[in-house]
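Enquirer: Sequence:
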Amino acid sequence: MTSRFALALFLVGMSPAAAAPRQAAPPDRFDGTWSVEIITETGSCDRAYRYPVRIENGRARFIGTAFVVEGGVTRNGAIRGSISNGAATADVRGRLDRNGFGAGTWVASGALSCRGHWNAERRG
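So that you can map any letter, position 7 of the sequence shown is 7 in the UniProt record's numbering, and since no number is skipped, the others follow by simple counting.
Certain hints may be false.
[Unchecked claim] Estimated spans, in silico, between C-beta atoms of each pair: (1) E56 <-> A78: 15 to 23 Å; (2) R75 <-> A111: 18 to 26 Å; (3) S109 <-> I39: 13 to 21 Å; (4) P52 <-> G77: 29 to 37 Å; (5) G124 <-> A87: 20 to 28 Å; (6) G43 <-> G100: 25 to 33 Å; (7) A103 <-> D28: 30 to 38 Å; (8) N57 <-> S113: 30 to 38 Å.
Since the hints were derived computationally from the structure, they do not count as laboratory data. Quick reminder that beta carbons are idealized off the backbone N, C-alpha and C, glycines included.
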């Protein structure tokens, strides 16, 4: 379960941001496939994992119902959000850049008290 929680840590940053009306916006510069590495620095979460994540229209494609995801990625790449699995909640912060890289931190509280960082690289 902790590995699924780690996967979702990155996904929180890619979930829909608060909806605001937009005029025919160009395709999101962060769309594509990203390889995400999640590393636990302290606590009882699994040590490290790497996952592919598909971003479309600024939103991550997350299949399943194991987590409640809130937050998003802004047009300038800032990531801010939270994710909960009922037993623990993680706050996620970071940034994606135009060159296809990203990095940030996450902190979980609740049943899983741990923290770490994540790195991402666009793969397609």
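Enquirer: Each hint should be assessed against the structure and marked as holding or not.
Expert: Hint by hint, here is what the structure shows:
1. E56 <-> A78: 15 to 23 Å: 19 Å, holds
2. R75 <-> A111: 18 to 26 Å: Since the Cβ atoms of R75 and A111 sit about 35 Å apart, the hinted range of 18 to 26 Å is violated.
3. S109 <-> I39: 13 to 21 Å: 18 Å, holds
4. P52 <-> G77: 29 to 37 Å: Distance hint for P52, G77 is violated at roughly 19 Å.
5. G124 <-> A87: 20 to 28 Å: 34 Å, violated
6. G43 <-> G100: 25 to 33 Å: Once the Cβ atoms are compared, 30 Å apart, the range 25 to 33 Å for G100 and G43 holds.
7. A103 <-> D28: 30 to 38 Å: Given range 30 to 38 Å: violated, Cβ gap about 19 Å.
8. N57 <-> S113: 30 to 38 Å: Taking Cβ atoms as reference, N57 and S113 lie about 34 Å apart, which means the hint holds.
Violation of the numbered hints given earlier is confined to hints 2, 4, 5 and 7; the remaining hints are satisfied by the structure.
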